[in-house]
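J.: So the sequences go chain by chain: Z and H. Position 52 of the first sequence, counted from 1, bears residue number 52 in this note's numbering, the numbering being contiguous throughout. Position 541 of the second sequence, counted from 1, bears residue number 541 in this note's numbering, the numbering being contiguous throughout.
Calculated directly from the structure, the hints in this document are not laboratory data. Warning: the hint list may mix true and false statements.
Stated by the list, open to error - Which residues of chain Z face chain H? A partial, calculated answer using Cβ under 10 Å: (1) T9; (2) S16; (3) N55; (4) T57; (5) I59; (6) T63; (7) M64; (8) E117; (9) R130; (10) I146; (11) M157; (12) S158.
Keep in mind that this is a model prediction, so the values were computed, not measured. Cβ atoms here follow ideal geometry from the backbone N, Cα and C, with glycine treated the same way.
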Amino acid sequence: MANAKISLTINGRAVSAEVDTRTLLVHFIREHVKLTGTHVGCDTTQCGACTVHVNGTRIKSCTMFACQLEGAQVTTIEGLAKGKQLHPMQEAFREHHGLQCGYCTPGMVMSAIGIAERYKGKALTEDIVRHELEGNLCRCTGYHNIVRAVIAGAKAMSAG
Amino acid sequence: MYVGQPIRRREDFRFLTGRGTFVDDVQLTQPILHAAFVRSPHAHARIKAIRTDAARKMPGVHTVLTGADWLKAGYGEAEGVWPVNDRSGKPARTVNRPFICVDNMVRCVGEIVAMVVADDRHQALDACEAIEVDYEALPANVVTAKALDKGTPLVHPKFGTNEVLESYHGNPEVVEAGFKKAHHITKLEVPTNRVTASPIEPRAYMGHYDVMNDRYTVWTTAQAPHIVRQYFTKSLRIDEHKLRVIAPDVGGGFGMKLYHYPEEPLALWGAIVTEHPVKWTGTRSECLMGDTHARDHYTVGEMAFDKDGKILAMRFKTLAAFGAYESQWQASITNAYHFTMLSLAYDIPGIFTEVKGVYTNCTPVDAYRGAGRPETVYQVERLIENGAKEMGMDPFVLREKNAIRPEKIPYTTAIGITYDSGDPPELFRKMRVLAKYDALREEQKKLHAQGICMGIGICGFFDMAGAGPVKMMNDLGAKIGCYDVASVRVHPSGKVTVFAGSHSHGQAHATTWTQIAADRLGIDIEEIDLVEGDTDRVPFGIGTWGSRSLSTAGMAVVAACDRVIEKAKKLAAHMLECAPSDLVIENGQFIVKGTDKKIAFAEVTNAAYHSGDRPKGLEIGLEETAFYDPTDCTYPSAVHLCVVIVDPETGRVTLRDYFAVDDVGRVINPMVFEGQVHGGCAQGIGQALMEECAYDPSSGQYLSGTFMDYAIPHSTDIPSFGIESHTTLTPSNPLGAKGGGESGTIGAPACIANGVIDAIWHLGVRQISQPMTPKKIWHALQSAKAGR
């Protein structure tokens, strides 16, 4: 067991800490920074509930050690809304009932924004969204409304 | 009117912005210690020794506890809330699931042998590694179908058998006569696979003991917090008034989060011993082996038809797996929910079933969304499908022919349950149009001619939802009263807090309960908030399960609101100098009918708390509590249809379309209701095609310990759904609402299975057990080919 010092930016705020080198990014975010919106649903990088953005790319935060993140820019679900003003993707999930229990939701929304950004300027189809969401598991919705939300959210993002 | 509108969910903001509070998110001012567990790696073993000395000396470790300590503390058991009731009169052979191994025998993989409490999770896990347990591995019994065979290892040798109970249901004389005069008989082996609910939030518990005030608090991933509090009176022997149970946001439950799992009392025990809050959050592997499993019935059945395809009778023999112990609600499946619904949507004169509960060296089985009815629908619908095909009849037409006619409803089935409302022929008619059934059959002919294996699956059923009334459920074995509770607190300002004994873990009660209350009270929905999930705030409750919350807690909201209005009208009438019966409530005002005289709701509510000028005898304040005992269960019904394409080269199934026509009576929020159907269908599709809690039959080792091995559906496995409703109101509650939560998991396994068989029937395949994986389908195709 060894410790490492890291400095990074989370949701625009500078964060410095000394962490056990075994600490995963997701545990760092939840337990050290106390941002508990990023969730853990499995131990094997299947579920995607811990999806965040690292330097603008969506990534499952259980696949990185916190000590790998020196100097990185991290965005979590808490970094999207401005006050009560939801991000267009969050608004689309609400409008299209893309969530039920809400546990996979932060990862879904972060993943969905990643999809929208990746396909910027191109029309998103149901097939593309289902393929791109394959790494995010939801047990409540059957994905039907999530797919609709992602398509609508991406449209709103490109319009905005 | 709010009821009936697709109001967007009021709880969404916190979930969408990461501000939900799940158990693992709860922060306290004191440091929280972490529990970790040493679990049995064997399905069946004798423990020769446990050495904990090294672990106790590890950094950060506060305590190490074993079964010996549990016995020393004098704690109790996880007693069933739905105890086994053997109908033949013989005593059932009940062994409750232990919290921690106390008799040096482990009987399934994952059973807890020791607990470590340490400053952080890593330290607790490191210390678990340092605990040495000497096991003597014993032969295991993990195959349900063979559980009663001679020579099968006994899970509890003291009984001399693996049988837990035996029960019989139906009218055997009518069945006998039906088979005697049958024109055609279809026989099948129709087992249902062992699956598990797998909500994305793992189970998690945190216990806290406030020594100075002698008060306990438990934060738990639970669906029924007051029932959890009751469990603790038996396990840690804590009196209800000393214990607060909080089930905050819970990330899906599906029935699986109803039980008093070992880690729940153990976390609080750790807190009592260390005098610090102690938390455990399950890893996915711990959950996949420790969460209750479900289904796992081995059933053989036969069905008798007359020459026109009318079903005369059917009979079944079922071995229902209990796992290594009896979980708290397990007998509700075998003794209440499975056999009762065997008639499905059909008018069947003769039904007989024999059910034997059996112990195996597997994780205990308990209710998971559908609880018994997915098995029922699967076993009956597979026989109907094959029977129709063997007789050369269109399976859709054969079902329509047997569907219960609306004029026969209320209809009492051969099992003795009475469906109070519904119109199955209309559900089939709507499905025919929605799915364009006739065109599908034409398309199928063309595709089969091109070598493309397209199949159409169908099923139709009734569900028994809304557990209650208390007496009926007592008679079916429940030791808990199946009613529910709501309090409506009107504040002086006219704003309202509703407290309900239900618990939303995805079902949107903060929206739907306030829709109901807003209509009932005649005020804006934004003026009402909901509180659930806290035994110190909510008077009582039986919780959310079995598609019951709307027809019990929802109706308690109705009843409490009505009492509030009755009282408020007396005061308003006094203030307006009219009779209470002259008043109507609209848009937050009491209006004297036919006049322009009115008074604001808030003015009346303020007077209720602060005015001395009120009718004689009218009590101050405005708050009402209703304990609502429904007059009957509710009987929602549905018809499902799917279209699948099977690749004969690889055995892979592509699910092209999935349709459902549901009758759930009055719908409070159609958006929420459709979401329930979507999610349930996806889970049922998972059971049909990919999910299985698998055990190695020779070693008993558990093989489904991660989401790489236990396959829940991904977005690419599920199609978009076509959902329609048909509404017949139930007379059993004031809104005419029936349960809408379980149709998907109940119908989809049978529907998909029928579709896959329909796709490859012409290649000689007659039955494939679930999950219908590519490998199994490919083998079935090869066997059929070789047999010809």
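J.: Could you run down the list of hints and mark each one as holding or not?
T.: Here is what the structure says about each hint:
1. For T9 of chain Z, the interface hint is violated, the least distance from its beta-carbon to any beta-carbon of chain H being 17 Å, above 10 Å.
2. A hinted interface residue such as S16 of chain Z counts as satisfied when its beta carbon comes closer than 10 Å to some beta carbon of chain H; here the least separation is about 20 Å, so the hint is violated.
3. Because the beta carbon of N55 of chain Z sits about 20 Å from the nearest beta carbon in chain H, more than 10 Å, this interface hint is broken.
4. This hint is violated: T57 of chain Z has a C-beta 19 Å from the nearest C-beta of chain H, more than the 10 Å allowed.
5. The criterion of a C-beta within 10 Å of any C-beta in chain H is not met by I59 of chain Z, whose closest approach is roughly 17 Å, and the hint is violated.
6. The restraint placing T63 of chain Z at the interface with chain H is violated, with a minimum CB-CB distance near 14 Å, outside the 10 Å limit.
7. Against a cut-off of 10 Å between C-beta atoms, the interface hint on M64 of chain Z is violated, since the closest Cβ of chain H lies about 17 Å away.
8. For E117 of chain Z, the interface hint is violated, since its Cβ never comes within 10 Å of a Cβ in chain H; the closest pair sits about 18 Å apart.
9. With a cut of 10 Å, the hint placing R130 of chain Z at the interface with chain H holds, because the nearest CB-to-CB distance is about 4 Å.
10. Interface restraint check for I146 of chain Z: the shortest CB-CB distance to chain H comes to about 7 Å, inside 10 Å, so the restraint holds.
11. Taken as an interface hint, M157 of chain Z does not check out: its beta carbon lies about 15 Å from the nearest beta carbon of chain H, beyond 10 Å.
12. The criterion of a C-beta within 10 Å of any C-beta in chain H is not met by S158 of chain Z, whose closest approach is roughly 20 Å, and the hint is violated.
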